[in-house]
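J.: Protein sequence lines, in the order shown, are assigned to chains A and B.
Residue numbering for the first sequence follows our numbering, beginning at 21 and increasing consecutively.
Residue numbering for the second sequence follows our numbering, beginning at 45 and increasing consecutively.
It is worth saying that the hints were derived from the structure and are not from the lab.
Treat the hints loosely; a few may be bogus.
[Unchecked claim] Where chain A lies over chain B, by a calculated footprint (3+ residues, C-beta under 8 Å):
| id | stretch |
| --- | --- |
| 1 | 105 to 117 |
| 2 | 181 to 187 |
| 3 | 387 to 398 |
| 4 | 427 to 441 |
| 5 | 696 to 708 |
[As the list claims (entries may be wrong)] One side of the interface only, derived from the structure: several residues of chain A facing chain B at Cβ under 10 Å:
| id | residue |
| --- | --- |
| 6 | G30 |
| 7 | I31 |
| 8 | R33 |
| 9 | P42 |
| 10 | C65 |
| 11 | A99 |
| 12 | L127 |
| 13 | G151 |
Remember, predicted model here, so these are calculated numbers, not experimental data.
Quick reminder that beta carbons are idealized off the backbone N, C-alpha and C, glycines included.
One-letter residues, chain by chain:
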Amino acid sequence: MTRLSINVNGIQRHLDAAPEMPLLWALRDLLGLTGTKYGCGLGQCGACTVHLDGAAVRSCDTPLGAVGTKKVTTIEGLAAEPRWHRLTSAWTAEDVPQCGYCQPGQLMSAAALLHRTPNPSDSEINQGMAGNLCRCGTYLRIRSAIHRAAPEAPR
Amino acid sequence: VTVRLTRRRLIELGVTSGAALALELWMPPRTLRALASVAAEPFRPNAWLTIGADDIVTITVAKSEMGQGVFTALPMLVADELGAVWSRVRIRQADGDPFNEYQNTGGSSSVPDSWDILRRAGAVAREMLRTAAARRWSVPPTDCRVADGIVRHPATGRSARFGELVAEATTIPVPDAAGMQLKPREEYQLIGRPLGRVDTPAKIRGEATFGTDVRVPGMRFAVVARCPYLGGRLLRVSSARALAIAGVQRVVELQPMGPPVHLRGGVAVVADTTWAAIEGRKALDIEWDHGPHTGVTTASLKRTFRDSAAGVGKLVREAGSPGESLTGRPPFEATYEYPFLAHAAMEPGNCTARVSEGSAEIWAPTQFPPSAIGVAAALLRIPPEKVTLSIPFIGGGFGRRINEDFVAECILLARQVDHPVQILWTRDDDMQHDFYRPAGAQRLEAALDDRGFPTAILHRIAGPSTNSFYTPGHLRPEAQEIWGSDFPYAIPNRRLEYAEVNTPVPIGWWRAVSVAQNQFCLEAFVSELADRARIDAIAFRKAMLSGHPRLLGLLNAVSDLSDWRSPVPQGRARGVAISWGDGTFVAEVVEASLGEREEPRVHRVSCAIDCGLVVNPNLVAAQAEGSIVWGLTGALKGEITVADGMPQQRHFADYPIMRMPEMPEIRIRLMESNTPPSGIGEPCVVPLAPALAAAVSRLRGAAVRTLPIRATA
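Make the full structure from the sequences, and use the hints.
T.: In structure tokens form, the structure reads like this:
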């Protein structure tokens, strides 16, 4: 066990944990932030996506010790950020979720995509979201929601 | 025991069990108790709703929300009949009731099961509020109108909000639900509107609690090493290295269980975090007995299925004189094959439980609460009433969570641990210890008239029996394997046979169950017959469906929707298929091309649906969209193989799921109907595979008869 400190959703959190523990389990089991989901543990499904300094990463294969001073944003933090209100509103307008389990990861990937590419084309969205699985099949609604959330989309 | 009783009852009742269940439902034990304990406020006329003095209407949903939208569709039925304001409606998930089979969520039955009773539940409350207002104003109740959360007396302009009437309404005798006058369709305020899902905001904010998110004070986390060998068992385990891992607290052996639960047994590692449990499991030194099935392979199973499909089966159903027709000219015949498929829900298996002396609390993402409670009570030897079951949001059900194995396993562990414990199934656990959709082969033979239309069809289904797997010695092994096989086409002579071929591979209920396999074979065959007769595949079907206005309407609709009559773009082909069942009918057209290795690429799916009156078109469209992705994933990619005595797939790299870049355009049309609503969770899955097979057959110039349809090179 090591005394570690990471910044999660703007708050400095102190943890007693092994540095090799994946960030996912620290968030879920130590910090009680269960919005970030376990899907595969292998970086294949995207359910555990969070941001490190605004870039999307898979928290299931990101060791706690590798976070360092980078700012971690989870779905709980994203949902509270005013600048992402447009994205969550678009998700509501398209009524995207079904079971909803993959949706936090989808939103985190979508936010990172819009951060890099403010007005993505269909194919840019496909590429940006290809790592996020949805077994309920909400892909077309996700794509529509991202278009709707893009800054140049009609308000 | 209760467990088997409930499932068998559901199975025997089939998917059109609404009426029978409704009678039981109206007065299940907990409902009676609830009625006996009606408080002065809030107003609780029955188990389904309460109304507070603050006008908030709280509606109980006694089905599991697994993405299909029951939290939205079912309350709409209550609220519309009640005359409630939708924004004032709140949802409460019912706890599991051991005796209430209505809670079983499956078979696309939630809306059809609930259509009558939930509207009656709303009507009872409405009439009590109306009577309360009429008494207050000393006017006849029939002169009062109820709408928008208000009772009005138009003649005098008086009005009262629901919240203002609850105290008096509580004193009104509860009227007979069966005698309620229900609203005519033209007065619906909510039913038929594309309302957004009530669970969307929580699911977007990461606040929705799934089974894996359940947190109980003092709880521990566990993963289980289960015997990977079919029919194998634990020989010995050494836990010393596991216990040396920081955070690991206990290593507990779990006993196997036979049918109907089917638990392979194993070793649980209990820790203070899930990660420590996973690391601890890696450090177990385990020796497994490899079981008797190490020689079983996918190839050997396929051969057996094919041979059995070519042999003689048990006669299930016969009409006309098919034997006579098929013995004349050499019949046209084809054999179709399909693999085992995994559910692979995004939320893997999990369960949380606390076992105390004489009682248990369970948090389980279950589709069948009564069987979950039943198995827990049986294992703990306590009355079912002593088991409390909470049902969190389910991260995808698809039939996997009908089984109670994951609950039984957690109870076996929790009774040996002094703390509440949550078992998480890692992805490889979930993939490897699934109850798969049965694989099999089916042979079809047709005698054809001069124009190429079938005059007789022999249909032989060969594959494992779900009934035999769960109830060895079952007298009707074919019962669950023949669903959807009674085709609507006007073919006078027909014979259905079933050849039972059991395998060591665990099987269960997979979205659309055997309807999907059976209608894949039948519809792929019909398309082959149409091509052989050189008749348009839609026209060919319509010629045999003159007595089925709903299917004819759907074929016309999907023809328009898919541009069926306009030329297909270069390099593409279209295939059509229909689905029939208990109430819901679907027609789909798939437009596809082939890649360099002849792998199918799907460009567009057009889907016309007749599911009776549409309660919420937004939810129906979502189910259709999801079913299309589900059906295509199965048809293009899905295959669980067996070698070395175990299923081979472990994760999303070797059991791939469709991703966004592969998405086709989707066009959906909902037919207008006054028929009571029928199910929508499964039927749209069914036509994808046969429609795709028909399109790819045209592109390749050779009939596609095997799923999945993959690259040939």
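J.: Checking each numbered hint in turn, tell me which of them this model violates, lowest number first.
T.: Hints 2, 6, 7, 8 not satisfied by this model.
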